Amino acid sequence: VQDRGGGIPRSAFDKIFSYTYTTAPKPSRNDSSPMVAVSAGLGYGLPLSRLYAWYFHGDLFLVPIDGYGTDACIYLKALAVDANELLPYFSVTTRKFYSSGDQCPGWVHSRGLQQTYDCSSALSLSQSLY
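Numbering-wise (this note's numbering), the sequence shown opens with residue 1487 and increments by one.
Hint data in this document are derived by calculation from the structure and do not stem from the laboratory. Incorrect hints may appear among the rest.
[What the hints assert, rightly or not] Result set (EDC-like, lysine to aspartate or glutamate): computed pairs, CA atoms no more than 20 Å apart in a straight line:
1. K1501 x D1545
2. K1501 x D1557
3. K1563 x D1545
4. K1501 x D1552
[Claimed, not checked] Label-pair ranges, simulated between beta-carbon atoms:
5. D1489 x K1582: 47 to 55 Å
6. A1566 x L1537: 17 to 25 Å
7. F1547 x T1579: 38 to 46 Å
Computed from a predicted model, the values in this text were never measured in an experiment. The C-beta atom is built at its ideal place from N, Cα and C for all residues, glycine as well.
All chains, please: the whole structure from these sequences, using the hints.
Structural data, given as structure tokens:
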């Protein structure tokens, strides 16, 4: 996705994925009726979008061109078997697995930007349950 909205200044780029960071002006109390809840410009759009991409083993990158615009690139897995989510499954059979400490920790980035872990045991267990 591309826009021509002037880009993101370098000084703000380190903060754009921080929750509640926004460059949008605060809504005027005179302009909105009491029945309308303003949810735009609160600083949750980019962080949540990237979190959703990570959840499905993808990523969200922004490429700003200062003074011109910004490119947003969302990468997701193309095959359903690669994009599946690892949901916890609790039963008598899996209790030993979840209490052993061998499971893959949550929200570890699959592209290696954070420390990677061997999740093969967690994946083999989830595949055997289906």
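Right, here's what the structure says about each hint:
1. K1501 x D1545: At roughly 17 Å apart (the allowed maximum being 20 Å), D1545 and K1501 satisfy the hint.
2. K1501 x D1557: Holds, because 17 Å separates the two Cα atoms, which is no more than 20 Å.
3. K1563 x D1545: Since the Cα atoms of K1563 and D1545 sit roughly 10 Å apart, the hinted pair holds (cutoff 20 Å).
4. K1501 x D1552: holds, 15 Å
5. D1489 x K1582: 47 to 55 Å: holds, 51 Å
6. A1566 x L1537: 17 to 25 Å: holds, 21 Å
7. F1547 x T1579: 38 to 46 Å: For F1547 and T1579 the Cβ distance comes to about 40 Å; the hint holds.
The structure agrees with every numbered hint stated previously.
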